[in-house]
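Colleague: For the protein sequence lines, the chains are A and B, in the order given.
Following our numbering, the numbering of the first sequence begins with 897 at its first residue and continues without gaps.
Following our numbering, the numbering of the second sequence begins with 897 at its first residue and continues without gaps.
Hints listed in this document are in silico derivations from the structure and should not be mistaken for laboratory results.
Treat each hint with caution, since some may be false.
Stretch by stretch, here's where chain B covers chain A in the computed footprint (C-beta under 8 Å, at least three residues) [what the hints assert, rightly or not]: (1) 990 to 999; (2) 1044 to 1053; (3) 1090 to 1101.
For every residue, glycine included, the Cβ atom is placed at its ideal position computed from N, Cα and C.
Protein chains: 2
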Amino acid sequence: MQSIRKKLIQAFSESKGEFLSGQALADIAGCSRTAIWKHIEELRKEGFVLEAVRKKGYRIVNTPDIVTENKIRLGLQTSTLGQVIHYEESVPSTQKIAHDLAGNGAVEGTLVIADEQTAGRGRLMREWHSSLGNGVWMSLILKPHLPPQKAPQFTLITAVAVVQAIEEVTELQPQIKWPNDILINGKKVTGILTELQAESDKINSIIIGIGMNVNHSIEHFPDDIQSIATSLAIEQGAQLSRAEVVQTILERMESLYTLYMKEGFTPIKLLWESYAVSIGKRIRARTINGTIEGTALGITADGVLKIEDQEGIVHQIYSADIEVNI
Amino acid sequence: MQSIRKKLIQAFSESKGEFLSGQALADIAGCSRTAIWKHIEELRKEGFVLEAVRKKGYRIVNTPDIVTENKIRLGLQTSTLGQVIHYEESVPSTQKIAHDLAGNGAVEGTLVIADEQTAGRGRLMREWHSSLGNGVWMSLILKPHLPPQKAPQFTLITAVAVVQAIEEVTELQPQIKWPNDILINGKKVTGILTELQAESDKINSIIIGIGMNVNHSIEHFPDDIQSIATSLAIEQGAQLSRAEVVQTILERMESLYTLYMKEGFTPIKLLWESYAVSIGKRIRARTINGTIEGTALGITADGVLKIEDQEGIVHQIYSADIEVNI
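Pulled out of the complex, with its shape left as it was, chain A reads as follows (with noise of 0.2 Å):
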């Protein structure tokens, strides 16, 4: 079943709003006219707008705003990247799903991706506000053969990502706080957490968490981050679509990740510098250790931060928080 709703929304995808016949349907499907209605049926049932004109067949002329299996696969451009999708309506945290999947056997690029998140949560297990119908819940499992040590790099990656991919569906400028926080006009919009499963000298799999604010008005965030959150809908002043924001985060990092892949992560690290907000900024940074205050000046081929005291002493910065403009 689940191999023809598939070669049905392919279908659909290439078609761009044309009409198929139920015949053009069965044969691409493999499947009797009387599946491909009960799948139309189904998808119709999921919130898909399908007309169906006599002799000439079905279209798709609407889509809600869902971030179901289907609704992602529709116009989905990436080769591998969600080619395997685990949907639910709601769960503790795609994160804890991803986990569980990666340690038994996932492919590269299975994305797991929630309409609400009751436990979701970012870095150093800080808890992370996903309410229901109006983020983008999702975790992405890649499986790069790479040592541990190279995976602060793939939070920078997916960063460079997610701005290009907010860059394409709105006309905002988001900014990157490292390590792995993207700003709007100084708030936050996106979180992203990457974790592993790692033999000692080899990565398993790379678990990226990302959490964005799509379609949240202020009201939807909690009193007590209200004044540092937003979403893109509060900054673009309209209401977008999470799937698309999903494809569109998938189509960048598929893309970012095969560059990665195959040039190492200097090109990664230009981009990302364009888009920090705090390379030459005074800057605080707390680590385990203490706090650091001094300009910083960019990040090593590493991804590791370099922050300049008052003394000029280089300061490498594996793990922060970091304040901006102090």
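Use these hints to put chain B onto chain A, whose structure you have.
Modeller: Showing chain B alone in chain A's frame:
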């Protein structure tokens, strides 16, 4: 119930074969004498031989060669490692269970141990033969506050702990073959698999799998590994208590882990090199980037193997299969 059993085992551990009265045990465990009697019966069912003498009480006079929680706890001298024990008779892989526990909040030192693994595996997902009732198949969860790049050092710490444990319970002289094999008389007796769950810059859990052939006779091994595998019993000419082997590994490991967290890798490195089979010898290292032949010089402060080739170039090997005496 579980905590009564723990206190009971603790009391028998400390009494070292002396009688403990039913009342004394009830006082220690904070329960009725009837409850004590029920727990004693449970221990008997597990295979413990308890002598009960009127007006004297109970003492343990014999224990079977089992690796249950009670058996490992009896006499265990650690403060953290093995203080939480998950025993199962047969599992696909202790490593898999430990991963699941680690992802769900298992505490540092949690031990997973089984009498049999039906799908045990070694490095690079290779099959590891782990038959019923004669080996030590265990996984240990550690939660050090360290970055992921320190993980390979844990294979080396564990190798030293295993060698010291074997030296303590036998008269054998094991050697370490970089990175993760323990040999006796040139044959493999133990494999170590270090895996991790991490954020990109911070280890959440290190999961150390140890597979040790203890009481195997040669016929226990599949034909194709009889020439390269051995057991402690084969080499020592006598059967051993598997629980004692586990306890000794946990005790040596706790002591080395404490040393490492306090003093860093240097003292471990010196111990490791003193046990290493390959140092100063001609070896062949097969890596994913090709094969390097040369003289093994030792390991770096990071646990990386150094090989000097014929041209005098020193190669740093992060991951490889090693052949010694080529």
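Colleague: Next, verify each hint and record whether it holds.
Modeller: Taking the hints in turn, this is what the structure says about them:
1. 990 to 999: It holds, with 4 qualifying residues against the three required.
2. 1044 to 1053: holds (count 6)
3. 1090 to 1101: holds (count 10)
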